[in-house]
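Residue numbers (our numbering), protein chains in the order written: chain A, 1 to 119; chain B, 1 to 110.
Any given hint might turn out to be false.
Cβ-Cβ distance ranges computed for the label pairs, FRET-style [to be verified]:
| # | chain 1 | residue 1 | chain 2 | residue 2 | range |
| --- | --- | --- | --- | --- | --- |
| 1 | A | R87 | B | S11 | 14 to 24 Å |
| 2 | A | Q13 | B | L40 | 25 to 35 Å |
| 3 | B | T5 | A | R67 | 26 to 36 Å |
| 4 | B | V3 | A | L114 | 18 to 28 Å |
Here are some chain B residues the structure puts well away from chain A; computed CB gaps all over 12 Å [what the hints assert, rightly or not]:
| # | residue |
| --- | --- |
| 5 | A12 |
| 6 | P14 |
| 7 | S25 |
| 8 | R31 |
| 9 | T43 |
| 10 | G75 |
| 11 | L110 |
As a list, the in silico DSS-like pairs of lysine-lysine whose alpha-carbon atoms are at most 27 Å apart [unchecked claim]:
| # | chain 1 | residue 1 | chain 2 | residue 2 |
| --- | --- | --- | --- | --- |
| 12 | B | K106 | A | K76 |
| 13 | A | K65 | B | K106 |
| 14 | B | K106 | B | K17 |
| 15 | A | K43 | A | K76 |
| 16 | B | K54 | B | K106 |
| 17 | A | K76 | B | K46 |
| 18 | B | K54 | B | K17 |
| 19 | B | K46 | A | K43 |
| 20 | A | K65 | A | K76 |
| 21 | B | K46 | B | K106 |
| 22 | B | K46 | B | K17 |
Hint data in this document are derived by calculation from the structure and do not stem from the laboratory. What you are looking at is a predicted structure, and each value in this text was computed from that prediction instead of being measured. Ideal placement from N, C-alpha and C gives every residue a C-beta, glycine not left out.
Listed below, chain by chain, are the residues.
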Amino acid sequence: EVQVLESGGGLVQPGGSLRLSCAASGFTFTNYAMTWVRQTAGKGLEWVSTISGNGDDTYYADSVKGRFTISRDNSKNTLYMQMNTLRAEDTAIYYCAKGSGRATPHDYWGQGTLVTVSS
Amino acid sequence: QSVLTQPPSVSAAPGQKVTISCSGSSSNIGRNYVSWYQQLPGTAPKLLIYENNKRPSGIPDRFSGSKSGTSATLGITGLQTGDEADYYCGTWDTSPSAGVFGTGTKVTVL
Chain A
1 EVQVLESGGG LVQPGGSLRL SCAASGFTFT NYAMTWVRQT AGKGLEWVST ISGNGDDTYY
61 ADSVKGRFTI SRDNSKNTLY MQMNTLRAED TAIYYCAKGS GRATPHDYWG QGTLVTVSS
Chain B
1 QSVLTQPPSV SAAPGQKVTI SCSGSSSNIG RNYVSWYQQL PGTAPKLLIY ENNKRPSGIP
61 DRFSGSKSGT SATLGITGLQ TGDEADYYCG TWDTSPSAGV FGTGTKVTVL
């Protein structure tokens, strides 16, 4: 059974940092790109970042470029998102999703982890 | 970065049909497969349609997808109260390389 499970969310002050993790199981992790998607309260889905299966290629939304870094450890079947210089507008539920949305659809999603940026 | 345009809401009576449009451009829908996702209240999105018109295992054939040019459409027939949810289209944008989702459509069963 495929599972993706996010962790690491919480309350952080503006300008602070947070690292999200996503533990994956039930599929050959290294064969698939992985993606972070976020959703603010009552709003739509926003693509944040995608990383290729081997980690060589990364893509970012303009809204997070230069502040967020996506990475993965294929030996641990884990996806990460290092979030720096956080802003109030980064407050959202962050979902980890299997696939790139290009070559492979997002066929499995985690339950999400809430990030709140507030003083 | 671009966003795909969907109607904010659609509604119909139980048993009826609704269609949801998703409008993009030549750099996203025009060049890549479209997926559709269902998000029930308080839950994570779930894949409904991939590669424009394919259904994952377990998705009933009441749900269908199509694509033409720079637009895509999700159809739901035999509408049920359990179909009340937000629906999003999604694809990849080639220029610049980035994922992209639709603005979302709320389906209401009258």
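Each hint tested on the structure:
The hinted window of 14 to 24 Å between R87(A) and S11(B) is violated, with their beta carbons roughly 36 Å apart. Checked against the hint of 25 to 35 Å, the C-beta distance between Q13(A) and L40(B) comes to roughly 33 Å, which is consistent with it. The supplied range of 26 to 36 Å is met by T5(B) and R67(A), whose beta-carbon atoms lie about 27 Å from each other. Range check, V3(B) to L114(A): about 23 Å between beta-carbon atoms, so the 18 to 28 Å window is met.
For A12(B), the condition that its CB be more than 12 Å from all CB atoms of chain A holds, with the nearest at approximately 22 Å. Distance check on P14(B): its Cβ is at least 26 Å (rounded) from any Cβ of chain A, clearing the 12 Å threshold; non-interface status holds. The non-interface label for S25(B) is consistent with chain A: the shortest C-beta to C-beta separation is roughly 15 Å, beyond 12 Å. The beta carbon of R31(B) sits about 10 Å from the closest Cβ of chain A, which is not more than 12 Å, so the claim that it is off the interface is violated.
With a least CB separation of 8 Å from chain A, T43(B) falls inside the 12 Å interface cut-off, contrary to its annotation. Under the 12 Å C-beta cut-off, the non-interface status given to G75(B) relative to chain A holds; the minimum distance is some 18 Å. The non-interface label for L110(B) is consistent with chain A: the shortest C-beta to C-beta separation is roughly 22 Å, beyond 12 Å. For the given pair, K106(B) sits about 38 Å from K76(A) by alpha-carbon distance, which is inconsistent with the 27 Å threshold.
Between K65(A) and K106(B) the alpha-carbon distance is near 30 Å, which puts this suggested pair outside the 27 Å criterion. For the hint linking K106(B) to K17(B), the alpha-carbon distance of about 14 Å falls within 27 Å, and the restraint holds. For the hint linking K43(A) to K76(A), the alpha-carbon distance of about 33 Å lies beyond 27 Å, and the restraint is violated. As the CA atoms of K54(B) and K106(B) are separated by approximately 22 Å, the hinted pair is consistent with the 27 Å bound.
Of the supplied pair hints, the one linking K76(A) and K46(B) holds, its CA atoms being roughly 25 Å apart against a limit of 27 Å. Note on K54(B) and K17(B): the hinted pairing holds, with a Cα-Cα distance of about 19 Å set against a maximum of 27 Å. Restraint check: the Cα-Cα separation between K46(B) and K43(A) comes to about 17 Å, which is no more than 27 Å; the hinted pair holds. About 26 Å separates the Cα atoms of K65(A) and K76(A), which keeps this hinted pair within 27 Å; it holds.
For the given pair, K46(B) sits about 15 Å from K106(B) by alpha-carbon distance, which is consistent with the 27 Å threshold. The hinted pair formed by K46(B) and K17(B) meets the criterion: a straight-line CA distance of about 20 Å does not exceed 27 Å.
Violated hints, in rising order: 1, 8, 9, 12, 13 and 15; the structure is consistent with all others.
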